[in-house]
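J.: Those sequence lines, one after another, are chains A and B. Residue 711 in the working numbering sits at position 711 of the first sequence; the count goes up by one each step and never skips. Residue 279 in the working numbering sits at position 279 of the second sequence; the count goes up by one each step and never skips.
Honestly, I wouldn't trust all of these hints.
Claimed, not checked - Incomplete in silico selection of chain B near chain A, CB under 10 Å:
1) S426
2) G427
3) G476
To be verified - Straight-line Cα separation of at most 20 Å, EDC-like style, residue types lysine to aspartate or glutamate; simulated pairs:
4) A:K405 x A:D443
5) B:K575 x A:E133
6) B:K23 x A:D220
7) B:K24 x A:D222
8) B:K758 x B:D593
9) B:K23 x A:D222
10) A:K574 x B:D593
11) A:K23 x B:D220
12) B:K17 x A:D220
13) A:K511 x B:D220
14) B:K576 x A:D593
15) A:K17 x B:D623
16) B:K24 x A:D351
17) B:K574 x A:D593
18) A:K24 x B:D593
19) A:K575 x B:D593
20) A:K24 x B:D220
21) A:K101 x A:E133
Said to hold, decoys possible - According to the in silico footprint, chain B covers these stretches of chain A (three or more CB under 8 Å from chain B):
22) 183-193
23) 247-254
24) 471-483
25) 510-517
Hint data in this document are derived by calculation from the structure and do not stem from the laboratory. The beta carbon of each residue, even a glycine, is placed where N, CA and C say it ideally should be.
There are 2 protein chains.
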Amino acid sequence: MTVERTMPAGQVGRSVKRLEARKKVSGRAEYVHNIVAPGMLHVKVLRGVHAHARIKSIDTSAAKAMPGVFAVFTGEDIRALVAEPYFGPAFHDQPALALDKVRHFGEPVAAVVAEDPYVAAEAARAIACEYEELEAVLDEVEAMTSPVIVHEVLKPAGMFPDLKHLQGKRHTNIALDYQLRRGDVDAAFAAADHVFEHEFHTQQVMHTPLEPMVSLAIPDGDNLTIHTASQSPSFVRIEIARLLGWPENRVRVKVPHLGGGFGAKLYIKLEALVAFLALLTRRPVKWSLTMEEQFYTITKHASTFRVKSAVTNDGRVTGRRCEVFWNGGAYADIGPRVTQKSGFTAPGPYDIENVSIDSYALYTNRPPAGALRGFGIPQLVWAYESHTDMIARGLGIDPLEFRRKNILREGRPQATGTKLRDAEISGVLEKLAERLEWSKPFDRGTGTIRRGRGIAVGFKASIAPTTSMAIVNIGGDGSATLSMSTVDMGQGSDTAMAQIAAEVLNLETEKIRVVHPDTDTTPYDMATLGSRSTFHMGHAVLRAAEHARAQLAEMAASLGTPDGSNYSFADLFKKKYGMQAGNVVGVGSFIPDYASPARGTGLSDNITPFWMVGGTGVEVEVDTETGRFDVLRMINAADLGRPLNPAIVETQLSGGALMQYGFTRFEEMTFDNGVLLNPSFADYKIPGFNDIPRDIENHIVEARQKSGPFGAKGVGESATFGVSPAIANAIHDAVGVRLTSLPITPEAVFNALRAMEKE
Amino acid sequence: MTVERTMPAGQVGRSVKRLEARKKVSGRAEYVHNIVAPGMLHVKVLRGVHAHARIKSIDTSAAKAMPGVFAVFTGEDIRALVAEPYFGPAFHDQPALALDKVRHFGEPVAAVVAEDPYVAAEAARAIACEYEELEAVLDEVEAMTSPVIVHEVLKPAGMFPDLKHLQGKRHTNIALDYQLRRGDVDAAFAAADHVFEHEFHTQQVMHTPLEPMVSLAIPDGDNLTIHTASQSPSFVRIEIARLLGWPENRVRVKVPHLGGGFGAKLYIKLEALVAFLALLTRRPVKWSLTMEEQFYTITKHASTFRVKSAVTNDGRVTGRRCEVFWNGGAYADIGPRVTQKSGFTAPGPYDIENVSIDSYALYTNRPPAGALRGFGIPQLVWAYESHTDMIARGLGIDPLEFRRKNILREGRPQATGTKLRDAEISGVLEKLAERLEWSKPFDRGTGTIRRGRGIAVGFKASIAPTTSMAIVNIGGDGSATLSMSTVDMGQGSDTAMAQIAAEVLNLETEKIRVVHPDTDTTPYDMATLGSRSTFHMGHAVLRAAEHARAQLAEMAASLGTPDGSNYSFADLFKKKYGMQAGNVVGVGSFIPDYASPARGTGLSDNITPFWMVGGTGVEVEVDTETGRFDVLRMINAADLGRPLNPAIVETQLSGGALMQYGFTRFEEMTFDNGVLLNPSFADYKIPGFNDIPRDIENHIVEARQKSGPFGAKGVGESATFGVSPAIANAIHDAVGVRLTSLPITPEAVFNALRAMEKE
């Protein structure tokens with residue numbers, strides 16, 4: 001039998017408009033900020049004013065006495081509720097409210113709950129906290145050896161079971177040191193014709209989701225329901241259950257739409273405090289951050305990258321040593337995983353026989369750093385692609401030619417030993433070259449206005465092994481519902497996943513209803529992060545839809561439907577139940593093949609389910625008198641396998657590139673002795689429409705991820721990779737100055753130009 | 001491998017306390033009445049004041065002009081939204097607001113929506129409706145031939161596809177005429193030694209759920225979410241989708257706890273109007289009925305039952321003719337199904353070779369009647385068990401002995417031809433006899449105070465074929481969630497179903513989380529009605545849990561867990577995922593074997609998945625001077641297979657019996673020319689604690705439903721069956737008067753005693 005195929009095939013590959021578009025533009029999409037629970041209390045917190053200080057006393061009496069205040073809590077109240085109130089995905093190191101000391105500026109110290117959020121805010125200001133200020137460590141390299149200790153004891157979570165044995169043997173500012181050794185890097189340097197060594201820096205920035213973080217916990221008998229703007233509902237359920245000592249099924253986590261995530265809303269953030277306060281008050285408790293408060297909550301790692309390469313006269317890189325220092329701030333969040341998972345790509349997408357990598361996750365007294373669109377890769381590409389250009393220039397080789405000579409090609413082993421499969425690094429590089437007309441003459445400007453071109457490519461492994469599950473439910477009229485815990489935070493996952501289900505079931509994508517995460521009913525998904533959803537959840541949805549289709553085919557066969565007849569799903573149900581009734585439930589589960597890196601070596605033959613590849617080429621114009629520069633053209637290219645939805649993919653490419661463009665040119669959290677000076681959009685500049693290149697091209701490089709669902713793989717981060725070094729390389733190409741720290745401001749260019757003149 | 005079996009087995013059969021008990025007694029259980037949606041409007045309706053009238057005009061101008069009124073709608077506004085706004089499970093005959101005419105007193109005629117429900121109520125009173133009054137038909141037997149036509153055209157739903165051909169050939173007051181012929185009943189009467197013929201009546205009563213009906217529709221982009229106090233969320237989704245011409249998956253129906261249902265909250269009630277008004281206003285719309293309004297919404301069928309039996313000298317019933325007239329009121333609701341599904345048991349649980357049944361669903365100008373705890377069976381048992389006693393007395397045979405002689409025994413065919421299996425009719429009868437010490441001398445009283453005993457047994461087929469589905473989800477820590485669309489309306493289904501899942505998974509019942517109906521995620525269930533859930537959903541849950549368990553066993557095998565080792569679920573997940581992660585999703589679906597009755601004959605060899613059997617024995621004391629009587633003892637017995645939860649089962653038995661006790665003695669909707677005179681608890685008496693027998697016993701007759709989950713079957717209705725005739729039989733036993741109409745009031749007894757004296 002065949003099920004009805006009157007619908008045109010080809011849901012996959014079609015630029016389906018986002019399913020939620022109409023709801024969003026008409027203001028009817030659901031966000032946690034809009035949810036009101038009867039009897040709900042609002043939280044406002046008092047935040048610490050030092051980067052590092054011991055808490056001597058907290059006086060909440062004035063706050064408690066204010067009319068309208070329901071209650072005031074400190075970390076000790078929470079410790080009275082649960083003995084170990086420390087959370088975190090990699091380390092259990094973070095208290096919901098500071099205990100004993102504050103470790104970064106802006107850390108929550110006490111919380112007020114009131115029915116009116118303005119009352120709560122005023123009362124929070126009335127709390128008096130006395131501190132004994134401590135010396136702070138702020139720089140990631142200094143943290144390696146500093147006498148200032150951020151955490152006395154390391155508390156690795158289950159993710160890092162091997163770390164327990166290091167207890168007491170290592171400086172506790174080093175949360176994790178990831179090592180990889182391949183070949184003989186010392187021999188390579190000894191035999192090298194040339195050795196190049198450089199150091200690069202990136203600054204601390206933040207995610208800026210335009211929907212500030214928000215969580216609402218509602219006590220529900222013996223259970224707790226948490227509505228939260230989270231990218232990882234399944235993780236929140238597990239972590240809150242662990243904190244409370246409850247089974248998972250007593251915690252229900254629901255996520256509606258998200259106004260952006262970018263990694264900020266991952267793992268556990270506000271959920272712990274609202275959960276504790278809901279249990280303490282027995283009332284629904286909501287915590288909505290202001291934009292300012294987001295700066296204190298989660299950020300992107302500042303980093304220092306020392307890279308040293310052994311190169312032959314003819315331009316082959318034979319050895320590379322990488323030392324990467326990640327400034328994780330006061331709490332580990334997922335930093336150790338960034339250090340490890342991105343660390344092994346630190347040598348870049350190049351075919352280098354001898355490699356040594358040391359990647360350190362460091363505690364400092366800054367606001368915590370975690371995952372941010374690229375999971376450390378943009379910091380690495382910034383360094384290795386600047387370094388690549390510097391080597392090429394040093395050897396007098398064209399940077400494109402130099403890359404062609406060293407690029408990692410299909411089937412060749414990456415630093416871990418894993419052979420490259422389905423990764424069009426070369427294709428991306430060539431697409432950029434073609435669009436920039438690299439081989440043709442280029443107008444380099446005259447006088448004080450000079451022009452240059454720059455190019456950069458990067459790659460990223462997917463996080464592994466992780467699992468995704470999905471349920472596809474066909475109703476008695478043949479209409480379908482897709483239940484999954486993937487969070488649509490603007491990236492279009494609802495639409496893309498519906499396309500996969502629609503393709504399998506031969507329905508129109510627009511007819512699929514997508515059910516948003518609710519851990520009571522949508523099955524487990526590791527999280528919406530690292531561009532993993534299209535591949536992992538895509539497979540789970542594909543399998544769930546196939547499972548449903550197989551059951552429908554069985555139903556048809558058992559009903560004696562003649563082979564080849566053209567029954568619709570609705571007809572089948574009617575035939576089986578005598579009326580419009582029943583469901584068919586398809587379940588899909590996916591976990592990729594993966595080989596864990598061998599202990600000690602960091603080596604493995606199967607380190608990632610797929611590779612993300614992206615690159616950027618730019619043309620810049622620099623005013624040598626002022627340092628002012630413009631990016632005239634920006635060309636982004638990526639290998640994302642086969643695009644499920646080309647229109648959405650293009651917005652992912654331009655969105656990723658422009659986000660990194662902001663980090664490259666404008667954004668920087670500035671500190672004075674650990675005190676953040678610019679936690680507002682007045683002082684912290686994100687790019688506006690007038691700040692972005694007028695000429696942006698986005699290219700999907702023809703490719704196919706053979707192991708992906710319909711040949712697809714993730715793309716949410718790929719266009720971030722090459723932006724920063726492409727711009728630095730272009731500025732160097734234009735005016736001959738090399739910038740090694742982000743952001744690249746006109747001031748920095750001006751200073752570099754003046755310094756060059758003095759030489 | 002074996003999964004952990006450290007928990008004691010035996011979840012099934014344990015009197016587990018209700019899972020929701022703590023939430024309910026602490027006032028934290030969720031009900032629709034408590035749900036507030038932002039921007040929500042409240043509905044109040046103007047109701048018609050005649051039993052039958054043509055609407056000449058509706059003037060809403062005064063209502064619309066009132067401050068605070070958002071809008072006012074009539075049936076025509078709804079007809080402008082959807083061309084065919086008629087709903088109903090059996091017939092599409094009921095408009096959300098009256099169109100052209102009103103067909104019963106209290107029918108909704110116009111609706112006001114306002115943010116304040118009191119404003120809405122006042123505005124509804126300001127609507128002026130002009131009527132042309134029409135003659136009404138109120139009696140079910142008169143309706144058969146009345147010139148008064150309730151509906152000009154019959155509109156059978158998909159449930160009755162065969163009815164279309166009757167269009168125009170039959171009086172349209174007859175919604176359905178169910179016929180069954182078995183053997184040769186005329187020959188049996190011709191050959192009979194004795195013929196007994198009687199007529200019995202029951203009155204119109206209502207369900208009285210203490211949580212009045214309530215529905216809330218929230219427009220959600222292109223979709224509609226309906227929170228409703230419904231026993232049938234899956235049906236509401238399908239019916240609302242049909243009314244709107246939408247696919248099912250655009251309608252989401254959610255049901256929290258219910259404060260009683262008893263059949264009142266089945267199929268579709270308030271949901272149609274709130275759905276229409278939510279679309280018309282683009283605002284959330286909530287309609288909460290007052291207790292008074294419930295009287296106009298759905299009731300229990302008044303009925304007339306003419307029964308005639310052919311009997312031999314030695315007390316064998318050889319033939320029986322049954323004519324049952326069901327007063328369905330103005331809209332069919334599920335009445336035609338009552339007529340048909342209960343109709344075929346009209347001859348009672350007796351072994352009678354020759355049977356003729358005619359069962360008529362009739363339209364009248366009364367408030368609609370539908371399903372009420374027993375689905376017509378209590379009306380039938382009232383008649384056939386009174387009749388049985390009257391035959392026995394007429395022949396001078398002890399009523400118990402007479403029943404023993406004629407009772408339907410295991411393996412013998414019931415009227416439809418279906419052979420009785422797993423139905424302890426005899427066991428129930430003997431249990432009552434034993435507890436009443438029927439064979440021993442009995443104190444019959446003296447003077448004006450006389451005592452008597454009565455006994456009655458009944459049986460019921462389950463509705464079929466219907467399907468149930470369930471999902472059991474095991475979390476990464478081994479905790480389990482059960483998702484199903486069965487509605488816990490106080491009968492304890494959450495607990496019973498969790499016991500089944502717990503038994504299969506070897507967990508503690510209290511550790512299972514039950515997810516309440518949400519048609520987006522909890523799979524299809526026909527409805528929570530007719531005591532079908534324990535059997536049908538019980539099987540689905542059993543299968544879902546077994547499916548989950550099988551996957552866990554597979555997981556253990558694939559992980560190389562040595563056979564016989566004692567891994568917990570949590571260990572398995574940790575071994576597979578390297579951490580607490582993942583889910584196992586088990587899906588279960590159940591549809592019983594069933595053979596549709598052969599067309600025309602009503603005969604079938606497999607008419608029901610299981611039989612419910614219940615009976616009651618009473619001792620009464622009658623004051624012959626005043627007619628006042630007391631039920632001194634009430635003994636209820638039922639065959640429910642193996643009890644899953646004995647404590648809950650006992651409350652089901654006493655609850656069912658006491659509800660029928662109210663219908664037997666107190667409750668009666670009284671009309672004057674179709675105008676309801678007593679729509680309030682001041683005038684409509686339901687039993688209070690001082691009204692019920694002081695001595696109540698409930699007995700579970702040892703039995704096992706071989707085809708049931710763990711040997712169980714449904715029990716929610718069984719104890720209602722015998723109450724009314726047992727009391728009438730006992731009164732006859734005490735004072736010699738025979739009452740053939742319900743309710744049995746002291747006044748009726750008094751009048752019967754006086755009439756007997758005159759004879």
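J.: A separate judgement is required for each hint: does it hold in the structure or not?
T.: Structure-based check of all given hints:
no., hint, verdict
1, S426, "34 Å, violated"
2, G427, "34 Å, violated"
3, G476, "6 Å, holds"
4, A:K405 x A:D443, "26 Å, violated"
5, B:K575 x A:E133, "45 Å, violated"
6, B:K23 x A:D220, "8 Å, holds"
7, B:K24 x A:D222, "12 Å, holds"
8, B:K758 x B:D593, "57 Å, violated"
9, B:K23 x A:D222, "8 Å, holds"
10, A:K574 x B:D593, "17 Å, holds"
11, A:K23 x B:D220, "8 Å, holds"
12, B:K17 x A:D220, "18 Å, holds"
13, A:K511 x B:D220, "15 Å, holds"
14, B:K576 x A:D593, "12 Å, holds"
15, A:K17 x B:D623, "79 Å, violated"
16, B:K24 x A:D351, "67 Å, violated"
17, B:K574 x A:D593, "17 Å, holds"
18, A:K24 x B:D593, "48 Å, violated"
19, A:K575 x B:D593, "15 Å, holds"
20, A:K24 x B:D220, "11 Å, holds"
21, A:K101 x A:E133, "9 Å, holds"
22, 183-193, "violated (count 0)"
23, 247-254, "holds (count 4)"
24, 471-483, "holds (count 10)"
25, 510-517, "holds (count 4)"
Hint violations for this structure: numbers 1, 2, 4, 5, 8, 15, 16, 18 and 22, all remaining hints satisfied.
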